[in-house]
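Trainee: Chain residues, written in single-letter form:
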Amino acid sequence: MQTIRLFLASLLLCLSLLGAAWLQSRQPRPVSLLPTLTGQVEYCLTCHADLPEISPSHPVETFGCVLCHGGERLALDADLAHSTMRGGRNPSEFAVVEASCGSGDCHSGTAQDQRDHIQRAVTSVQGTYAGAIASIRFTYGAQSDQTARLGVYPVQDDHLTTATGLASLGTFDPSQESSPSVKAFADYCLDCHLSAEPLPGAQYARLTGCAACHTPTANTDLDQPVHHLTTAIPYTQCNTCHNRGNYDLRQMQFHPRTDQPVDRLHDYYQPIAQFVRCEWTLDCVDCHTRFEAMGDGDIHSNKKEIQYIQCRTCHGTLDELPLTRTIAGQDDLALRMAFLNPVIDLKVGDTVLVTEQGEPLWNTRQLADGAFELFGKATGQRFTFRPVMGTACEQKLDQQESRDCHECHSVKR
Amino acid sequence: MNKKQGPVSKLHRRDFIMVALKGTLGLSSTLGLIGLIRFLGYQSDPAPQTEFELGPASNFPPGSRTPVPEAQAVLYHMPAGFIALSLVCPHLGCVINSVEQGYACPCHGSRFDAQGQVLNGPAREPMRVLRVEQTPGGQLILYTG
Amino acid sequence: MKANPTRPSFFHHLHPPTIPAPQARFRYTLGAGGLSVYLVLLLVITGILEMFFYVPSPGEAAESVQTLAFLVPYGWLVRNLHYWAAQLLVVVAIIHLLRVVFTGAYAPPRRFNYLLGLALLLLSLLLDFTGYVLRWDEGVQWALVAGTNLVKSIPILGEGLYRLVVGGTQPGPAALIRFYAWHIFGLTLALVGVGAWHLFRVRRDGGIAVPPPEARRDASRISRFELVRREALAAILATAVLIVVASILPAPIAPPIREGSPLAAEARPPWFFLWVQQLLKWGDPFIFGVLIPVMVIVLLAGIPYWLPNPRPDELGRWFPAGNRAASLLLVILVIILLLLTILALSPLSTFP
Numbered sequence: 001m002q003t004i005r006l007f008l009a010s011l012l013l014c015l016s017l018l019g020a021a022w023l024q025s026r027q028p029r030p031v032s033l034l035p036t037l038t039g040q041v042e043y044c045l046t047c048h049a050d051l052p053e054i055s056p057s058h059p060v061e062t063f064g065c066v067l068c069h070g071g072e073r074l075a076l077d078a079d080l081a082h083s084t085m086r087g088g089r090n091p092s093e094f095a096v097v098e099a100s101c102g103s104g105d106c107h108s109g110t111a112q113d114q115r116d117h118i119q120r121a122v123t124s125v126q127g128t129y130a131g132a133i134a135s136i137r138f139t140y141g142a143q144s145d146q147t148a149r150l151g152v153y154p155v156q157d158d159h160l161t162t163a164t165g166l167a168s169l170g171t172f173d174p175s176q177e178s179s180p181s182v183k184a185f186a187d188y189c190l191d192c193h194l195s196a197e198p199l200p201g202a203q204y205a206r207l208t209g210c211a212a213c214h215t216p217t218a219n220t221d222l223d224q225p226v227h228h229l230t231t232a233i234p235y236t237q238c239n240t241c242h243n244r245g246n247y248d249l250r251q252m253q254f255h256p257r258t259d260q261p262v263d264r265l266h267d268y269y270q271p272i273a274q275f276v277r278c279e280w281t282l283d284c285v286d287c288h289t290r291f292e293a294m295g296d297g298d299i300h301s302n303k304k305e306i307q308y309i310q311c312r313t314c315h316g317t318l319d320e321l322p323l324t325r326t327i328a329g330q331d332d333l334a335l336r337m338a339f340l341n342p343v344i345d346l347k348v349g350d351t352v353l354v355t356e357q358g359e360p361l362w363n364t365r366q367l368a369d370g371a372f373e374l375f376g377k378a379t380g381q382r383f384t385f386r387p388v389m390g391t392a393c394e395q396k397l398d399q400q401e402s403r404d405c406h407e408c409h410s411v412k413r
Numbered sequence: 001m002n003k004k005q006g007p008v009s010k011l012h013r014r015d016f017i018m019v020a021l022k023g024t025l026g027l028s029s030t031l032g033l034i035g036l037i038r039f040l041g042y043q044s045d046p047a048p049q050t051e052f053e054l055g056p057a058s059n060f061p062p063g064s065r066t067p068v069p070e071a072q073a074v075l076y077h078m079p080a081g082f083i084a085l086s087l088v089c090p091h092l093g094c095v096i097n098s099v100e101q102g103y104a105c106p107c108h109g110s111r112f113d114a115q116g117q118v119l120n121g122p123a124r125e126p127m128r129v130l131r132v133e134q135t136p137g138g139q140l141i142l143y144t145g
Numbered sequence: 001m002k003a004n005p006t007r008p009s010f011f012h013h014l015h016p017p018t019i020p021a022p023q024a025r026f027r028y029t030l031g032a033g034g035l036s037v038y039l040v041l042l043l044v045i046t047g048i049l050e051m052f053f054y055v056p057s058p059g060e061a062a063e064s065v066q067t068l069a070f071l072v073p074y075g076w077l078v079r080n081l082h083y084w085a086a087q088l089l090v091v092v093a094i095i096h097l098l099r100v101v102f103t104g105a106y107a108p109p110r111r112f113n114y115l116l117g118l119a120l121l122l123l124s125l126l127l128d129f130t131g132y133v134l135r136w137d138e139g140v141q142w143a144l145v146a147g148t149n150l151v152k153s154i155p156i157l158g159e160g161l162y163r164l165v166v167g168g169t170q171p172g173p174a175a176l177i178r179f180y181a182w183h184i185f186g187l188t189l190a191l192v193g194v195g196a197w198h199l200f201r202v203r204r205d206g207g208i209a210v211p212p213p214e215a216r217r218d219a220s221r222i223s224r225f226e227l228v229r230r231e232a233l234a235a236i237l238a239t240a241v242l243i244v245v246a247s248i249l250p251a252p253i254a255p256p257i258r259e260g261s262p263l264a265a266e267a268r269p270p271w272f273f274l275w276v277q278q279l280l281k282w283g284d285p286f287i288f289g290v291l292i293p294v295m296v297i298v299l300l301a302g303i304p305y306w307l308p309n310p311r312p313d314e315l316g317r318w319f320p321a322g323n324r325a326a327s328l329l330l331v332i333l334v335i336i337l338l339l340l341t342i343l344a345l346s347p348l349s350t351f352p
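Protein chains in written order, with our numbering: chain A, 1 to 413; chain B, 1 to 145; chain C, 1 to 352.
Source of the hints: derived by calculation from the structure; they are not laboratory data.
A portion of the hints provided could be inaccurate.
[Claimed, not checked] Residues from chain A that keep clear of chain B, each with C-beta distances beyond 12 Å, as calculated: (1) S16; (2) A21; (3) L45.
[As the list claims (entries may be wrong)] Some, not all, of what chain B presents toward chain A, calculated at C-beta under 8 Å: (4) H12; (5) R14; (6) A20; (7) L33; (8) L36; (9) P106.
Computed from a predicted model, the values in this text were never measured in an experiment.
Every residue gets a Cβ at the ideal spot worked out from N, C-alpha and C, and that includes glycine.
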């Protein structure tokens, strides 16, 4: 009798061990990755092996996943593994970007070594929204001039390089405002800066932080994560915030457009505005430079202080050729940008256009006959154009702003 | 089952249960042992590097003998091509020193000539020859695996 | 299993040749003492296995636990077994304490052995606590901060004792390595030593508490071989049950403690100290966190000395009339501790 009990107990023990062995066999086989930058093995690929490479400049064998995303590199339980991830699914959110994109001094540093991306983006007008806030507050009497004092988050800049740069911005707090119009502005109009969550809908689909521009999500379902970083930013990505509707400043309302624009020239832009062929053919990034889009490192009160590209930057004027620069060495910024987005095969010795502030228009090149070629950064399309000097242009010499060019060159729609 | 079998069948039943008991205990022990071996066999340290990028072939002119400390090897540019000798002593694994006319191991006194052949000492085998390959772009890669 | 009655093995020799059958029954002892011994054995084995992978350094401790839990084949099983055996040990030891008091088995000559048993309970709690801290993840923050600061609250000796326990001015690498040394060696050595003494005293004091021969209604006895068979059965069953539990319920795991780790909104101590956390909500840390728990221990220790003991002929059964006061005191104590534990878990328990 006693032996039977012992036998049954041993049988139970056997079965429990077999059960444990079965459970062990059901564990996912760990897939390891040893990134060269960290030297610490990670097992994220056990579950995420089907994720596409995020970009050619961030190969997973070099970076791994944890360097950017955080998380527990050894855990195979989803909740634990994801518990310490920075910024949830987007480590480029401004709240955590310094630890992610900025870690190891990759995208965080000085202007001298061209590693000040985060500093520039965080102080940019697109980031701080200082321009809109200052204009509205000035318009409704909350401040006496148009110099920005507040942003959507507080920010400081100890190193001013421009005449209009500000030292710091405080936080715009609607509860401290007395004007009802300014309060209404806070309620209805703060959906479009780099750290704001977008409005619902595929037309507004974008992430926040660096990914707002650099991860192309426009017109997709934001619930389907996009694992992609690019500098070839199509105009559709800009239009998740821009060209989305009309503001009514008296009612302080935003009236979103309700159509689904198809034809860029006829549908996309405001009916009353004028556009030249560049503006409905090229992508925004083909003209608007790094300083314009991401900031020059200084806090500015208005986008007018930072936006400076003009028709003449590429085309020159009747009595001036556009500024150019010949690439002298392998370290030239133009070469590095072209390497990141190889729509153009730039080489040392090529001559590219530069802006008045010295920014290279690296997707352009001077041709042998003095004309220029330009390659669309997002499309790769090639265009050629001649400088204005020596053409039949009838513009007065002292009226060379872009709006003056528009008088003749804009298209009737 | 015939209950009037008597003492013989009782013994058979007891033996059977005893066998069954020993069987299950044996099986449990075996399962436990297999699990234990798998448990202890897990290696947490990442495997050591076995491929080393040495740089452009032009950095190593013909006739040169260049130490590669991170790979514990010496790179030779022979007339026939690139080869490398492993500086891990074939005797018991100490790192061999380069000397005037060849190599000398500081641990037990093995001596090798410049080609890695044994001159003297407890080592019986020559220094291991390692494979070096050249990429289409002219970069040398050393394999120690 | 075919043991030679004239040449018993070492294991059989550890047991008396026969013991009274009624007191050997499961319904009398609940097998709690024996199960405790077996659980300690299981803990030592699984603990040694864990030592092959655990790294006692703040930067690597929690990650080595993750390695065990997710990457080592059957590492999850070893870890979960270790965890559940430890919690079960505390529960079973308490059940054993209850049984001993409710059957009056602490009466002379067993009073000293009762104290040894209490010491074993304390050592088990300390082992459970130090093991818990070794996880070095966000779940153990309370223990690290509040627990060690309780030591500091002791007057006169507090600062010195804190430096001894923590090895520095605040919990860090030194505290971790000390807790590790205590857990795998210091406390284990003490547990095994006091445990061996406790088992020796069981035999020297006459084995399981029984009435004197003339008062026994049932004089039957079981042999040492039968006793060992019963123990083997219990051990095999306990192992099987623990393996099933370990397979279904994982041991707790949380993100590692790192620079800037958040202290959870409701930092919790391990379950067996929840009653202390509840006490601490009511006032001075020394009084409520040190003095009162020490008084509980003193009260328990005093039962055989200060309260009436059962008569010798009353031994060998549950709830003899002679030690009603002791049983009542223990029941009240248990209820109070349970209430405090429940209160600690509910958010309503903090007074404004």
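Trainee: None of the hints should be skipped; say for each whether it holds.
Mentor: Results for each hint:
1. S16: violated, 9 Å
2. A21: violated, 6 Å
3. L45: It holds; L45 (chain A) is separated from chain B by about 14 Å at its closest Cβ, greater than 12 Å.
4. H12: Violated: closest Cβ of chain A sits about 13 Å from H12 (chain B), beyond 8 Å.
5. R14: Holds, about 7 Å.
6. A20: It holds, given that the least Cβ distance between A20 (chain B) and chain A is near 5 Å, below 8 Å.
7. L33: Violated: closest Cβ of chain A sits about 11 Å from L33 (chain B), beyond 8 Å.
8. L36: violated, 11 Å
9. P106: Hint on P106 (chain B): violated, closest Cβ of chain A at ~29 Å, above 8 Å.
When the structure is compared with the earlier hints, violations turn up for hints 1, 2, 4, 7, 8, 9 and for no others.
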